[in-house]
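Student: First to last, the protein sequences are chains F and G.
Once you know that position 89 of the first sequence is 88 in numbering that gives the first Met the number 0, the rest is easy, because the numbers rise by one and skip nothing.
Once you know that position 150 of the second sequence is 149 in numbering that gives the first Met the number 0, the rest is easy, because the numbers rise by one and skip nothing.
Read the hints as simulated data drawn from the structure, not as lab findings.
Small disclaimer: the values here were computed from a predicted structure and weren't measured.
Ideal Cβ placement from N, Cα and C applies to all residues, glycine included.
One should not assume that every hint holds.
What the hints assert, rightly or not - In the DSSO-like style, the derived pairs of lysine-lysine whose C-alpha atoms are separated by at most 27 Å in a straight line are:
hint : chain 1 : residue 1 : chain 2 : residue 2
1    : G       : Lys173    : G       : Lys237
2    : F       : Lys185    : G       : Lys237
3    : G       : Lys237    : F       : Lys194
Unchecked claim - One side only, chain G facing chain F, incomplete, derived with CB under 7 Å:
hint : residue
4    : Met8
5    : Phe68
6    : Asn75
Said to hold, decoys possible - One side of the interface only, derived from the structure: several residues of chain G facing chain F at Cβ under 7 Å:
hint : residue
7    : Asn3
8    : Glu7
9    : Ser9
10   : Gly16
11   : His18
12   : Arg19
13   : Met20
14   : Gly23
15   : Val54
16   : Asp66
17   : Gly94
18   : Thr99
19   : Ile114
20   : His183
What follows is each chain in one-letter form.
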Amino acid sequence: MAIRERLSGNEAVANAMRQINPDVVAAFPITPSTEIPQYFSQFVANGKVDTVFVPVESEHSAMSACIGSQASGARTMTATSSCGLALMYEMLYVAASCRLPIIMSAVNRALSGPININNDHSDSMGARDSGWIQLYAETNQEAYDNFIQAVRIGEHADVRLPVMACQDGFITSHAVENIELIEDEKVKAFVGQYKPENYMLNPERPMAVGPYDTVNYYMEHKRQQAQGMINAKQVIMDVAAEFKAMTGREYGMIETYRLDDAEAAIVCIGSSAGTAKVTVDKLRAEGKKVGLLKIRVFRPFPTEEISKALTHVKAVAVMDKAEGFSAQGGPLGADVRAALYNDPFKAKIVNYIYGLGGRDVTVTSLEQVYNEMLEIAETGIVGETYRYLSVRE
Amino acid sequence: MAYNFKEEMSKPERLMGGHRMCAGCGGPVAARGVLRALDPADKAVIGCATGCMEVSTFMYPYTAWKDSFIHSAFENAGATVSGAQAAYESLKKQGKVDETYKFIAFGGDGGTYDIGFQSLSGAMERGHDMVYVCYDNEAYMNTGIQRASSTPKFADTTTSPAGSVIPGKQQIKKDLTAVIAAHHIPYVAQTTFIGNFKDLHEKAHRAIYTPGAAFMNILAPCPRGWRYPTENLMEMCKLAVETCVWPLFEVEDGIKWTLNYKPKNKLPVEDYLRPQGRFKHMFAKGNEWMIEEFQKEVDRKWESLLKKCEE
Numbered sequence: 000m001a002i003r004e005r006l007s008g009n010e011a012v013a014n015a016m017r018q019i020n021p022d023v024v025a026a027f028p029i030t031p032s033t034e035i036p037q038y039f040s041q042f043v044a045n046g047k048v049d050t051v052f053v054p055v056e057s058e059h060s061a062m063s064a065c066i067g068s069q070a071s072g073a074r075t076m077t078a079t080s081s082c083g084l085a086l087m088y089e090m091l092y093v094a095a096s097c098r099l100p101i102i103m104s105a106v107n108r109a110l111s112g113p114i115n116i117n118n119d120h121s122d123s124m125g126a127r128d129s130g131w132i133q134l135y136a137e138t139n140q141e142a143y144d145n146f147i148q149a150v151r152i153g154e155h156a157d158v159r160l161p162v163m164a165c166q167d168g169f170i171t172s173h174a175v176e177n178i179e180l181i182e183d184e185k186v187k188a189f190v191g192q193y194k195p196e197n198y199m200l201n202p203e204r205p206m207a208v209g210p211y212d213t214v215n216y217y218m219e220h221k222r223q224q225a226q227g228m229i230n231a232k233q234v235i236m237d238v239a240a241e242f243k244a245m246t247g248r249e250y251g252m253i254e255t256y257r258l259d260d261a262e263a264a265i266v267c268i269g270s271s272a273g274t275a276k277v278t279v280d281k282l283r284a285e286g287k288k289v290g291l292l293k294i295r296v297f298r299p300f301p302t303e304e305i306s307k308a309l310t311h312v313k314a315v316a317v318m319d320k321a322e323g324f325s326a327q328g329g330p331l332g333a334d335v336r337a338a339l340y341n342d343p344f345k346a347k348i349v350n351y352i353y354g355l356g357g358r359d360v361t362v363t364s365l366e367q368v369y370n371e372m373l374e375i376a377e378t379g380i381v382g383e384t385y386r387y388l389s390v391r392e
Numbered sequence: 000m001a002y003n004f005k006e007e008m009s010k011p012e013r014l015m016g017g018h019r020m021c022a023g024c025g026g027p028v029a030a031r032g033v034l035r036a037l038d039p040a041d042k043a044v045i046g047c048a049t050g051c052m053e054v055s056t057f058m059y060p061y062t063a064w065k066d067s068f069i070h071s072a073f074e075n076a077g078a079t080v081s082g083a084q085a086a087y088e089s090l091k092k093q094g095k096v097d098e099t100y101k102f103i104a105f106g107g108d109g110g111t112y113d114i115g116f117q118s119l120s121g122a123m124e125r126g127h128d129m130v131y132v133c134y135d136n137e138a139y140m141n142t143g144i145q146r147a148s149s150t151p152k153f154a155d156t157t158t159s160p161a162g163s164v165i166p167g168k169q170q171i172k173k174d175l176t177a178v179i180a181a182h183h184i185p186y187v188a189q190t191t192f193i194g195n196f197k198d199l200h201e202k203a204h205r206a207i208y209t210p211g212a213a214f215m216n217i218l219a220p221c222p223r224g225w226r227y228p229t230e231n232l233m234e235m236c237k238l239a240v241e242t243c244v245w246p247l248f249e250v251e252d253g254i255k256w257t258l259n260y261k262p263k264n265k266l267p268v269e270d271y272l273r274p275q276g277r278f279k280h281m282f283a284k285g286n287e288w289m290i291e292e293f294q295k296e297v298d299r300k301w302e303s304l305l306k307k308c309e310e
């Protein structure tokens, strides 16, 4: 029987980590992800896991130690946020290019400056081209479920890429919600043992990692790495199917909510999807045809799924919790526009920047977005395509 | 077991020939010298900071290293190898690895004294059972001889050029060996290539087989950066030691300092500086004060070391 609990998102992820029992965890504290290594080091101190915990002196060293460890043949994990993730950037690319399936709990927080500890997606969006798979959670339950699935996705022979399992700082990381934990032995059976084909501590076959790669080889290696990301999609779907068989909980690349006959839609990532669902219900009760498309997997990007799901929608608001400073919108806006470019119906698109540095996302504010989209749907006039929500100007 | 030069030199090399380091470079001499201290039955994971040694010994698809090897970036050899060591500790404890592995990180002075300093300090403080070896050639040689905190005062480098107003580097060399000794880790040693390599070999053996973190600082001259004839590697090392510019010593647990060699006749620093093009301007007429100042600095450090070693 699954275990009913009330846990914060951080506690839920720390418990997933305990159940997975990784060989090594290397981490450095940073708000709001600090609790994960904190809870986890208590599991280590109480002998609940076999893990060696490496309390490194920085996030750069956390990712470096993860690389050394995973390359040695050890299942390795970490957790971080914001500037901590930014300090890792250089090493994120190395982890991905070495095809090391390190699992990271990324608890999303605004990047400095100015310094701000609250939620937005500027940290992980900045790492979107680093070669990591990115999964985003709406709820504590999803943060937990995604973290467990991440292990299977990253380690799959067709993928071999690191995975960032993201959740929204404070909103899910610290808020306590009802959650259903899977039994320890079921999680262990689901993730299995880490059995890499090549690793440094293989006495039969030593391995050299991280070569100087000349013009003759670098591009081929990047092409292979790209294939891992292309292959990831099928693996994500397969792992989700297995996960559903175990738990009954369904996951895909995206999730849609009352979208089938919608004329206006919001596309968003993370916890705001919960607020959007409430908003949709409210507006539907008023007879307004609105729906939601939630991005669960941002890398690899679900182009076909988005294009298919939005094909009938007249006006789409793409919500970015990160500025791209391109003077035309954020990263999700750019990718969704690209996904719809070849769609013959091409919905009108407005890209909203919202929720930066923890700016509250309310039903009222999303209602405004839907109403603006319904107006576009009705009039066909788009107006400004790059808008800010809930900002004093 | 007494040191036997011939026996040691006939051991199979763990860093093979065919790599692309320059003729006369001290780097691979240091690496081979350290690896020779490994028990041939023991396996090893070698890590390397980005630098000459990394790009010259592991150019895809070839590696000159017989052991497992990892390079990840410039500033993190300490952290990377500490991660590998943590993996070993975990897998060994769980019975997933039977063999004995040793963990050795190599970094040039740029990757050790400067950009990799924090990562090194962290790895040493955490007490990983590993050895960090710095092959110190006193500048960023891989990028073309730029000054580092390891570069001696007055040295002419491409970012501390000896100009008509500023005569080379203006700051003294960082005493990294003492800084790492201040971490009070089990073993710290400073050495270079002297005589039959007994000093380097014994220190490497001790560093590798003392449980916990150990650090070795090896002066490894770079004929291109120092501008002396390629064949004079051993001569340069000998002069560094005989002038007390690079004393040979070791420190146990941060408190027990031992001087391993005391020159009978301490040579003047000119003998060490003169053969090197990087110090050429110090010998121009009117620059005698530079040599005097250099000598004073060497004397000051030497006296302080003698005190620490209770000599």
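Student: Look at each hint and say if it fits the structure.
Tutor: Comparing the hints with the structure gives:
1. In summary, the hint linking Lys173 (chain G) to Lys237 (chain G) is supported, as the alpha carbons are separated by about 21 Å, within the 27 Å threshold.
2. Using a Cα cut-off of 27 Å, the hinted pair Lys185 (chain F) and Lys237 (chain G) is violated, with the two alpha carbons roughly 65 Å apart.
3. The hinted pair formed by Lys237 (chain G) and Lys194 (chain F) fails the criterion: a straight-line CA distance of about 50 Å is larger than 27 Å.
4. Checking Met8 (chain G) against chain F: minimum C-beta separation of about 23 Å lies over 7 Å; hint violated.
5. The restraint placing Phe68 (chain G) at the interface with chain F holds, with a minimum CB-CB distance near 4 Å, inside the 7 Å limit.
6. Taken as an interface hint, Asn75 (chain G) checks out: its beta carbon lies about 4 Å from the nearest beta carbon of chain F, inside 7 Å.
7. A least Cβ separation of about 27 Å between Asn3 (chain G) and chain F goes past the 7 Å threshold, and the interface hint is therefore violated.
8. For Glu7 (chain G), the interface hint is violated, since its Cβ never comes within 7 Å of a Cβ in chain F; the closest pair sits about 22 Å apart.
9. The interface hint given for Ser9 (chain G) is broken, as the beta carbon of that residue sits about 22 Å from the closest beta carbon of chain F, more than 7 Å.
10. The criterion of a C-beta within 7 Å of any C-beta in chain F is not met by Gly16 (chain G), whose closest approach is roughly 17 Å, and the hint is violated.
11. Because the closest C-beta pair between His18 (chain G) and chain F is about 11 Å apart, greater than 7 Å, the hint is violated.
12. Residue-level restraint check for Arg19 (chain G) is violated (minimum Cβ-Cβ distance to chain F is 10 Å; threshold 7 Å).
13. Checking Met20 (chain G) against chain F: minimum C-beta separation of about 13 Å lies over 7 Å; hint violated.
14. A distance limit of 7 Å between C-beta atoms decides the matter here; for Gly23 (chain G) the minimum to chain F is near 21 Å, and the interface restraint is violated.
15. A cut of 7 Å between beta carbons decides the hint on Val54 (chain G): the least distance to chain F is about 4 Å, and the hint holds.
16. Look at Asp66 (chain G): its Cβ gets to within about 6 Å of chain F, closer than 7 Å, so that hint holds up.
17. Hint status for Gly94 (chain G): violated, given a least beta-carbon distance of 10 Å to chain F, over 7 Å.
18. A hinted interface residue such as Thr99 (chain G) counts as satisfied when its beta carbon comes closer than 7 Å to some beta carbon of chain F; here the least separation is about 10 Å, so the hint is violated.
19. Using the Cβ-Cβ criterion of 7 Å, the hint placing Ile114 (chain G) at the interface with chain F is not satisfied: the shortest such distance is roughly 11 Å.
20. The interface hint given for His183 (chain G) is broken, as the beta carbon of that residue sits about 16 Å from the closest beta carbon of chain F, more than 7 Å.
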